[in-house]
Amino acid sequence: MAERIPFLANWRQNIIYIGFVVIFAVFAVTLADKGFLNPTNLLNIIRQTAMIAVMAVAMTFVLASGEIDLSIGAVAGLTTVTVAMAIAVAGPLAGVLAGIATGIAVGCFNGWLTTRIGIPSFLTTLAMMGIAKGVAMWISDTAAVPILSPGYSWLFGGGSMGPVPVLLFWMLVAGALGHFVLRRTSFGRRVLATGGGETAARYSGIDTGNIKFKVLVISSTAAAIAGMLYAGRLQSGRFQLGEGDELSVIAAAVLGGTSLFGGKGTVIGTIVGALMIGLINNGLILMGLEFSQQLIARGAIIILAVALSQKRA
Amino acid sequence: MAERIPFLANWRQNIIYIGFVVIFAVFAVTLADKGFLNPTNLLNIIRQTAMIAVMAVAMTFVLASGEIDLSIGAVAGLTTVTVAMAIAVAGPLAGVLAGIATGIAVGCFNGWLTTRIGIPSFLTTLAMMGIAKGVAMWISDTAAVPILSPGYSWLFGGGSMGPVPVLLFWMLVAGALGHFVLRRTSFGRRVLATGGGETAARYSGIDTGNIKFKVLVISSTAAAIAGMLYAGRLQSGRFQLGEGDELSVIAAAVLGGTSLFGGKGTVIGTIVGALMIGLINNGLILMGLEFSQQLIARGAIIILAVALSQKRA
Amino acid sequence: MTAVVMKGISKAFGGVKALDNVDFAVLPGEVHALLGGNGAGKSTILKVLNGVHKPDAGTIAVGGVPLTTHTPEASRAAGIAMNFQEMSLIPTLTVAQNIYLTREARTVRGLLDDKACEANAAEIFAMLEVKVDPKAVVGDLGAGQKQLTEIAKAISQSSKVLILDEPSTALAVSDVDRLFTFLRKLKAQGVAVIYVSHRMDEIARIADRATILRDGKHVITAPLADLPIDTMIEHIVGKRSKGLADVHRSDASRGEVLLQATNLSGPHKPDNVNLTLHRGEVLGLAGLLGSGRSALARVIAGIEPATKGEIRIKGQRVAIRKPADAIAAGVALVPEARATQGIIPAHSVASNMVLSVLDRISGKGVVDRAKVQAIADDMIQRLSIKTASRDDAVSTLSGGNQQKVVIGKWLATDPDILVLDEPTAGIDIGSKSEIIRLVRDLAAQGKGIIMISSELSELLTACDRILVMADGKAHQMIDRASLDDPTEPDPGHRLQAAERRLQIEIQKALAQETQHG
Amino acid sequence: PDEALAKLVETVLSKGPNGEDPAPASDIVLTDDELAQIKAMKATAAIVMHIGGNDWSQAQIDGLQAQFAIMGIEVIAVTDAGFKPEKQVSDIETIMAQKPSIIVSIPVDPTATASAYKAAADAGVKIVFMDNVAAGMTAGKDYVSVVSADNYGNGVASAHLMAKALNGAGNIGLVFHAADFFVTRQRYEAFKATIASDYPDIKIVDEQGIGGPDFPGDAEKAAGAMLTSHPEIQGIWAVWDMPAEGVISAARNAGRDDLIITTVDLGENVAISMAQNGFIKGLGAQRPYDAGIVEAKLAGYGLLGKAAPAFVALPALPVSHDNLLEAWTQVYSTEATDNIKNSMAN
Ligand SMILES: Nc1ncnc2c1ncn2[C@@H]1O[C@H](COP(=O)(O)OP(=O)(O)OP(=O)(O)O)[C@@H](O)[C@H]1O
Ligand SMILES: Nc1ncnc2c1ncn2[C@@H]1O[C@H](COP(=O)(O)OP(=O)(O)OP(=O)(O)O)[C@@H](O)[C@H]1O
Ligand SMILES: [Mg+2]
Ligand SMILES: [Mg+2]
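Residue numbers (the working numbering), protein chains in the order written: chain A, 20 to 332; chain B, 20 to 332; chain C, 2 to 518; chain D, -14 to 331.
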């Protein structure tokens, strides 16, 4: 009983989960004959959500610390290209290293500009979005770079163990790790404190600049991993991959209850938010709606789901 | 003397203006032989910036009040379609009314969801972005709707008085009005107070919900006006017009010194920010850079310009 | 061996010289009072000691070891713990998480252990005999509970030097007593305590020595025995005064009923409160933390609209659903939490000052800048606010001066009914008398004033009647005069006696409440 | 140029993905018998587009739906990848949950999307491609056929039309698509190659890529800059009609009423400009509606197991003021809109 009170007391916060279940149930009933409940289809939703989810976990940290990262989509795209080119030249291992290095390098640059030079992260990462995309286009000459390593493709997004796609594991690992770090480590607590009240956090002895730097590096690295997954899944690198993902990623986090103003965030909520977006996309396509109708329905469903989770005046 | 101290004391804030002048000077020298200083070219910059500037003036209010509006690009697109369709059916005046009505209707919906239902404006306007785009695609059947009223096209974006494009007037009017309202009216002060400290503003008797509502309506209406200008300039309505403008618009405001966290904003800075983006775009194209190189250079220039305007630790 | 030696400390913010070559030394096992008027530089020197600010000049040694890096971490490593005047809590975290921020309890695997932190926090609160829920989110707490959390955060660190910068502005006397008991224990263990307060009675009770600053300069350091209270005030204010006892109370002439509340209840508190406020009188609300005084004020001011009961103003029934309604009806509230409810820190003094009177100073929606300047300058002068210019951000003012801005903002509305919730929190002894005098003057001009204060001497000085509250309910309306012993000739002693009597009434009310509850 | 243009209408210049010669659309026919057989199958089809929201996509979809209706095939989904390869892969995966018999699709990126198409083919779905084929797939085995709108030919057409309007000599600029996308790249290459080989007196003095998503806006900026730095430019080629609208706006701003613009794709706005004898002097039109019909028929071939040519192409259609109205009917199978007709009249 005592254990249940928090859930009941916060039921309006938790309704994002209820909202997810309701949408799922509605689709399950109305789209039963279109194969919605088909395991392959459900796994498809996972596949299509995994990259967004991985980036959104990191975004939860960024937003919780009071910053934002708009460059992730472009960084994912750039990473697909660097990975594909490195694999072509020096094999899969080099590809993985190149991918991670891309993420860390961009993250350090973002972090340095934001915390040392003092450019608001919105501008830093917006500028970086253009730079990363430009570099990706330039080095690949805007063409797709094929990846011919089956091992790489299997591990990064393409493979499955029996019916279960490898992407599910990536998503689960990112979610579990993120949740654990945010809730149970002192780093996570410092991230929340930095975003909740930067001055107070500094007074309490937290090096808030350092925290923000790290968070931006984490975000870029997660974007690079998402890029590696894109590359593995599509067996190629191309600058457009991941383009525009930043909005879906931020939306997933905000849907899950993370505040854009910092200090609040939950990784589980974020994952559910990402899955909700994937679920809606999937269901609307199965419904056979036109693209324009899909756009309208998606907006309406998001508003409805969130409206239910808000306190009335 | 006493008058000059504020400028000197805030010189780092004012360096966005200096940055603008420096970039302009660099282009003027290096691109002299490519016609950069050619009056037509300078007026082209104005033409290409006007819509962004109009929306960015309103965005300054939105950000200053602590909210955000991501739907403006899509609303501009939707407006081009409603205007074009109304003109086709009932003439230019009906078109103008339809355009304004579109903006006000969307704004009221955004405002209602944000202030009464309590959905964060990020989500409200993100959802609205999809809905507006979907509606625009749907009613136009994704096709362009031609506008064959020369009068409308002249007034809204296409015309010029002698060499001076009508768009310049639109931009100047929006800027002057915005500056005046934000700095000199009680409404402007209430907007800043709402974003600067919502609780304190509420305790002071400011109906912060009402302020945010109004600000979101203003923003959508400005987006509708920008849409009308797009429609007039391209003599047609098309759902893609304005797509993605929200990022440029927010960037213009942030470049000009408006804070994403509310409570701070200057319309003049915003206009200069918008012009700076237009200036950079124009100069880079004249330079004959490839598209990918333009992206990189644009990012780098923005970072440089802002870095110079920041206090070092 | 000295615990802290600061030599030749200077610190300037832009053109403002907050500290000018100040020496400051504290011994182990003493409670050292740091005194001075608003903006004297107390918080600044303590922030320098704590590593938040870097001194422009001067040296610091803690326990004989020079402190060369100026960061909060370095200071903490040297054994310094500090309670900040501007609440340094993170509103989105819980009480326990705030108390142990960066020092969280760990499980055997090295993970955060919130349960253990909560248990430890509960222990600290139990020791202070106060009720604060360690699991509550700080943003939801009232000012008093926040202050207790802040104190708990400072004392939970076993430190050699404990700095308390105005820890008691929102605390009741009984809470302060228990804090003092604890401080004496620490003192016995050899901890050096630096204590800042504008409440002179507290200083007299706890401090061993005192250092007084004025305008950023060191004035005197002496044992308390050598500093009688009027000398102390003279050093602080720069002129002779007896403090509150100096304020002359003439009898109020009560006029018509301005405000009448019938069976008024709010969302949490108050609970079925009845009261009447007349023109020309000051009505005090007395009670302990959580007694519902602030809640009652919020209901009257429309922040939390009443759930039951009615409010009549000048006999007219009014529906106060939002703050604007209250302002329109002539009610103004000076709120208790200045940082969040009172000011917009990043905005200028002038902008803050006119926030509630925008309509009055604008014609057709355009703000008259001359009027803005006139109001700001008038208030700066009237309340002697120490600021370089009216265009400076409020966040750059000292705590007490920020509070004066809040008061100024509400004076500018020129209300009929003024509700003051801890109006003098953080205001120095000189200005405090001024403000009480101002309150009396306003009443004499025919306004009705409700005043909440945890400092009983202040209530007794300002008020004509005092309503004692406990747990949201109104208990007893006491006539101020009935608390006075007419046979006592010395005004200082008379005030002290009245304070004790009021204290007893408050305790009685609480006892009754716990019996019922 | 006139002869060259006349010849274009007959011949297809594009080659198949493996260099196959194109089969004409008229070769693709279904007998009544076959039609009945297909109807009996109660087959389903999905249309997987690269990007929606233009006349070309809409006409393709209209053609497909019209023909599928005749064949008694239900269209269960139409998706729009918004030019994003990963979205297209997701779309294909999602659609596969409904087990369609047929997918008609244009790949955003032949490399990146290949595995998704292969998975669909392996699941037994009959695939008909538009314009381009996913990498590593074999006609007849992995997919039925590919129907091309002869983008190369349209590029050639727009080059000849440009030359005609310039009387064979002058300076021009190009606004191209700055991405490695098969369709737009073909046009660009064709245009350049034709100018280089056939018209030595026409010089390309400037070219500028655009990236979108605001293609009209980007094109306007690019063209505006071109006209500034190269005032001697007499003509500008735009890679499709949407950028061409931006170029029109730039020409208007620069007061260059004499500017010649040619492009590819017959959208309504450019048609109006052509009708008014405005900036657009000609364009190469694809026949998306017809292509849709052929694709649907080829899907029928797939269902029946009937041998289909690996590569079917519809010839380019050069359009100018003179043949605008007939061309519109050929392209869209409807009469030109009133807007166009009224503009013609004036
Ligand atoms: N961050 C800052 N920027 C500019 N000026 C500042 C800043 N902090 C403090 N000051 C100035 O330094 C002076 C001393 O302030 P301080 O806060 O130390 O006063 P104090 O003695 O603690 O006063 P109070 O009793 O009101 O809390 C004041 O004039 C104040 O305006
Ligand atoms: N939104 C809320 N939800 C739950 N509890 C609340 C809420 N707002 C206030 N409270 C509780 O009500 C009390 C308000 O405290 P506060 O000190 O502000 O007012 P008070 O009860 O009037 O006490 P005081 O007499 O000391 O002013 C606190 O105990 C707080 O926890
Ligand atoms: Mg202080
Ligand atoms: Mg209180």
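No lab work stands behind these hints: they were computed from the structure. Heads up, a few of these hints could be off.
[Unchecked claim] Below 20 angstroms or equal to it, Euclidean Cα-Cα: the simulated EDC-like pairs (lysine to aspartate or glutamate) are:
no., chain 1, residue 1, chain 2, residue 2
1, B, 53, D, 165
2, A, 283, C, 115
3, A, 283, C, 360
4, D, 84, A, 52
5, A, 283, C, 105
6, D, 27, A, 217
7, D, 177, B, 226
8, B, 283, C, 392
9, D, 84, A, 309
10, C, 55, A, 226
11, C, 323, B, 226
12, C, 55, A, 217
13, B, 283, A, 217
14, B, 53, D, 191
15, C, 387, C, 115
16, B, 233, C, 360
17, D, 177, D, 165
[What the hints assert, rightly or not] Ranges between beta-carbon positions, derived for each pair:
no., chain 1, residue 1, chain 2, residue 2, range
18, D, 323, C, 361, 58 to 64 angstroms
19, C, 366, A, 323, 46 to 52 angstroms
20, A, 52, B, 158, 56 to 62 angstroms
21, A, 323, B, 323, 30 to 36 angstroms
22, A, 196, C, 311, 52 to 58 angstroms
23, C, 308, A, 191, 42 to 48 angstroms
Using N, Cα and C, we set each Cβ at its ideal position, and we do this for glycine too.
Verification of the hints:
1. B:53 to D:165: violated (29 angstroms)
2. A:283 to C:115: holds (17 angstroms)
3. A:283 to C:360: Violated, at roughly 36 angstroms.
4. D:84 to A:52: holds (11 angstroms)
5. A:283 to C:105: Distance of about 19 angstroms is within 20 angstroms: holds.
6. D:27 to A:217: Roughly 64 angstroms between the alpha carbons, so the hint for residue 27 of chain D and residue 217 of chain A is violated.
7. D:177 to B:226: Status violated; Cα separation ~63 angstroms.
8. B:283 to C:392: Distance of about 15 angstroms is within 20 angstroms: holds.
9. D:84 to A:309: Since the Cα atoms of residue 84 of chain D and residue 309 of chain A sit roughly 19 angstroms apart, the hinted pair holds (cutoff 20 angstroms).
10. C:55 to A:226: holds (15 angstroms)
11. C:323 to B:226: holds (8 angstroms)
12. C:55 to A:217: holds (18 angstroms)
13. B:283 to A:217: holds (18 angstroms)
14. B:53 to D:191: holds (12 angstroms)
15. C:387 to C:115: At roughly 43 angstroms apart (the allowed maximum being 20 angstroms), residue 115 of chain C and residue 387 of chain C break the hint.
16. B:233 to C:360: holds (17 angstroms)
17. D:177 to D:165: holds (16 angstroms)
18. D:323 to C:361: 58 to 64 angstroms: holds (59 angstroms)
19. C:366 to A:323: 46 to 52 angstroms: 37 angstroms Cβ-Cβ, so the 46 to 52 angstroms window is violated.
20. A:52 to B:158: 56 to 62 angstroms: At 31 angstroms between Cβs, range violated.
21. A:323 to B:323: 30 to 36 angstroms: violated (45 angstroms)
22. A:196 to C:311: 52 to 58 angstroms: holds (57 angstroms)
23. C:308 to A:191: 42 to 48 angstroms: holds (47 angstroms)
The structure fails hints 1, 3, 6, 7, 15, 19, 20, 21 (numbered hints given earlier, in ascending order).
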